[in-house]
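> Here is what each chain is made of, one letter per residue.
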Amino acid sequence: MNALRRNVLKGAAGAGTVAVAVAAGLLKPTQALADVPRSAFEAKNVGDALKNMGANAPVDSKDITIKAPDIAENGAVVPVEVTSGIAGTSAIAILAEKNATPLVADFSLMGGAEGYISTRIKMGQTSLVRAVVTAGGKSYTAAKEVKVTIGGCGG
Amino acid sequence: MAEPMRIRATMAGDVADVKVLMNHPMETGLRKDAKTGQLVPAHYITDVTATVNGAKVLDAGLSGGISKNPYLGFRVKGPKKGDKVVVSWADNKGDKNSAEAIIG
Amino acid sequence: MKQQIIMKLLTGMAGLGIALGVATAHASPEQDKQDLIKYFTSKYPNVKIDDYVYGALAFDPDSKAQYDAIMEFPPFDSQIDAGRKMWETPFKNGKTYADCLPNGGKMIAGNYPMFDEAKGKVVTLNDVVNDCRVANGEAPFKISDQKTMGTLSAYMRTLSDGMIMNIKVQSPKATAAYEEGKKTFFRRTGQLNFACATCHIQNAGNRLRSELLSPIVGQAVHWPVFRGGDNLVSLQNRYTGCFKMIRAVPPAEDSTVMNDLEYFHSAMSNGMPMKASVFRK
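Protein chains in written order, with the numbering used here: chain A, 1 to 155; chain B, 156 to 259; chain C, 260 to 540.
Don't read these hints as lab results, they were simulated from the structure.
Heads up, some of the hints might be wrong.
[What the hints assert, rightly or not] Derived DMTMM-like pairs: lysine to aspartate or glutamate, alpha-carbon spacing no greater than 25 Å straight-line:
hint, chain 1, residue 1, chain 2, residue 2
1, C, Lys323, A, Asp70
2, B, Lys235, A, Asp70
3, A, Lys67, C, Asp321
4, C, Lys534, C, Asp404
5, B, Lys232, A, Asp63
6, C, Lys292, C, Asp404
7, C, Lys432, C, Glu289
8, A, Lys98, C, Asp321
Because the structure is a prediction, the values reported are computed rather than measured.
Throw the hints in and build the complete structure from the sequences for me.
Here's what the structure looks like:
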């Protein structure tokens with residue numbers, strides 16, 4: 001979890017934390033504070049992405065289902081659906097392990113949102129598509145290989 | 156990039172099913188323009204939030220690895236038909252967009 | 260059994276030079292189509308003929324699932340919208356496309372290409388659009404251009420979604436044009452010396468490297484396509500691409516060769532429902 005967010009939530013730095021952050025231009029009043037810092041999105045390998053996300057050693061879980069093609073029709077538009085059956089799912093992150101920057105997106109879920117995300121991602125080459133689920137402060141993961149080919153027939 | 160985004164929100168049983176199609180080039184910054192040979196600058200949505208009746212249900216960080224004209228589907232338990240869904244995004248250049256839909 | 264049907268088709272085409280213009284010497288378009296359906300369904304008994312409108316996707320559930328996922332909310336919606344704006348914008352004289360197209364442009368795409376007896380040639384729906392433009396004081400569009408004719412047709416053709424392909428080949432001249440189109444389809448050409456039939460009849464359902472080859476039946480109903488979700492390709496754009504890939508010089512779009520080809524090619528999808536502006540890889 002993003003340290004700034006944790007502190008802001010706990011008010012650990014005392015009253016006015018948010019005001020200080022706003023004054024410093026770090027947190028605009030209308031800016032959404034996603035759980036994951038931008039550094040995670042800039043990480044060039046899975047390990048660094050997970051570290052920057054604060055996802056410590058995610059545990060493999062069979063309760064995470066990834067619906068994605070075996071062979072992508074077009075690496076620019078790969079439909080991916082992640083369903084998490086883990087109670088208390090508060091975030092789902094999607095990584096394409098061999099992309100230049102593997103962390104594709106991170107979704108924080110709250111207010112009754114279910115452990116389910118459907119989106120379309122870009123993949124540069126065949127790789128594992130990995131989901132990292134945060135639930136109850138712990139990290140869980142599952143992955144599915146998606147093959148990406150270079151087609152020859154597109155007119 | 157202020158083209159309207161499309162939102163479809165329907166009740167599927169007791170769960171609100173929301174589908175969003177945003178309009179955005181989602182340039183990673185790694186692509187070369189075919190004509191000029193120059194890198195097309197990074198231009199992609201970085202943040203998406205969604206609320207139902209004003210309460211936040213989704214707070215997402217995106218990279219250029221999301222496909223052009225981003226599609227997003229999510230589900231929320233609790234809302235009813237007639238409730239309002241609002242989806243907003245911001246991109247790395249400071250552009251913003253927002254749209255709303257009534258759950259049908 | 261199936262080999263006999265193919266040989267009959269191919270031998271019939273081999274005798275190209277003879278009996279041109281004598282309609283009775285050739286099978287009718289409906290008979291040609293039925294022969295092809297017999298050939299494909301006996302080769303692929305597990306693929307429903309109704310699914311042939313999906314082309315190669317009918318042979319690969321993994322591909323079809325991706326198509327379904329993307330078509331649920333297509334990323335090219337805004338490009339179709341741009342076409343709708345073009346369609347709805349009146350000409351300088353105040354008239355609209357709906358004013359000059361038959362039936363206001365609705366449920367007509369399946370009638371084209373059609374043989375225009377007065378003009379003595381095959382006309383496509385794009386030709387009719389350009390005639391409409393010129394009749395109302397506007398410059399015609401370049402047929403092959405994605406930004407103009409392509410974008411307009413991406414919306415316009417959706418007005419015929421669900422229409423059953425209904426190409427009519429009736430007069431002797433129309434039949435001759437149909438036969439020319441058939442010849443083009445079966446003619447080997449280009450450095451690779453392939454005919455359209457080589458891939459889309461003989462090898463339909465097989466792979467050429469990584470690509471599944473679609474059968475001719477059902478091919479013409481689903482245009483334009485958006486390749487990769489955003490690259491607009493019309494049917495004749497695609498013919499051009501195919502000619503280039505077998506390393507032949509492509510005939511010009513809207514030429515007699517291309518229009519006759521589209522006439523024959525579309526007739527081979529008669530009886531099948533149309534759906535415009537779909538996703539392809």
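> Would you mind confirming whether the straight-line C-alpha gap from Lys432(C) to Glu289(C) stays at or under 25 Å?
holds, 17 Å
> Would you check the hint for Lys67(A) and Asp321(C), treating anything up to 25 Å between C-alpha atoms as holding?
holds, 11 Å
> Does the structure keep Lys235(B) and Asp70(A) at a Cα separation of 25 Å or less?
violated, 36 Å
> Measure nothing beyond the straight line between the CA atoms of Lys534(C) and Asp404(C); if it is 25 Å or shorter, mark the hint as holding.
holds, 21 Å
> Given the hint that Lys292(C) pairs with Asp404(C), does the C-alpha gap stay at or below 25 Å?
violated, 31 Å
> Keeping to a limit of 25 Å between CA atoms, is the pair of Lys98(A) and Asp321(C) held or broken?
Cα-Cα ~22 Å, so holds.
> Under the criterion that the straight-line Cα-Cα distance not exceed 25 Å, is the pair Lys232(B), Asp63(A) satisfied?
Holds, because 19 Å separates the two Cα atoms, which is no more than 25 Å.
> Assess, step by step, whether the Cα of Lys323(C) is no farther than 25 Å from the Cα of Asp70(A), and give holds or violated.
Holds, at about 12 Å.
Going down the numbered hints, you'll see the structure goes against 2 and 6, while the others check out.
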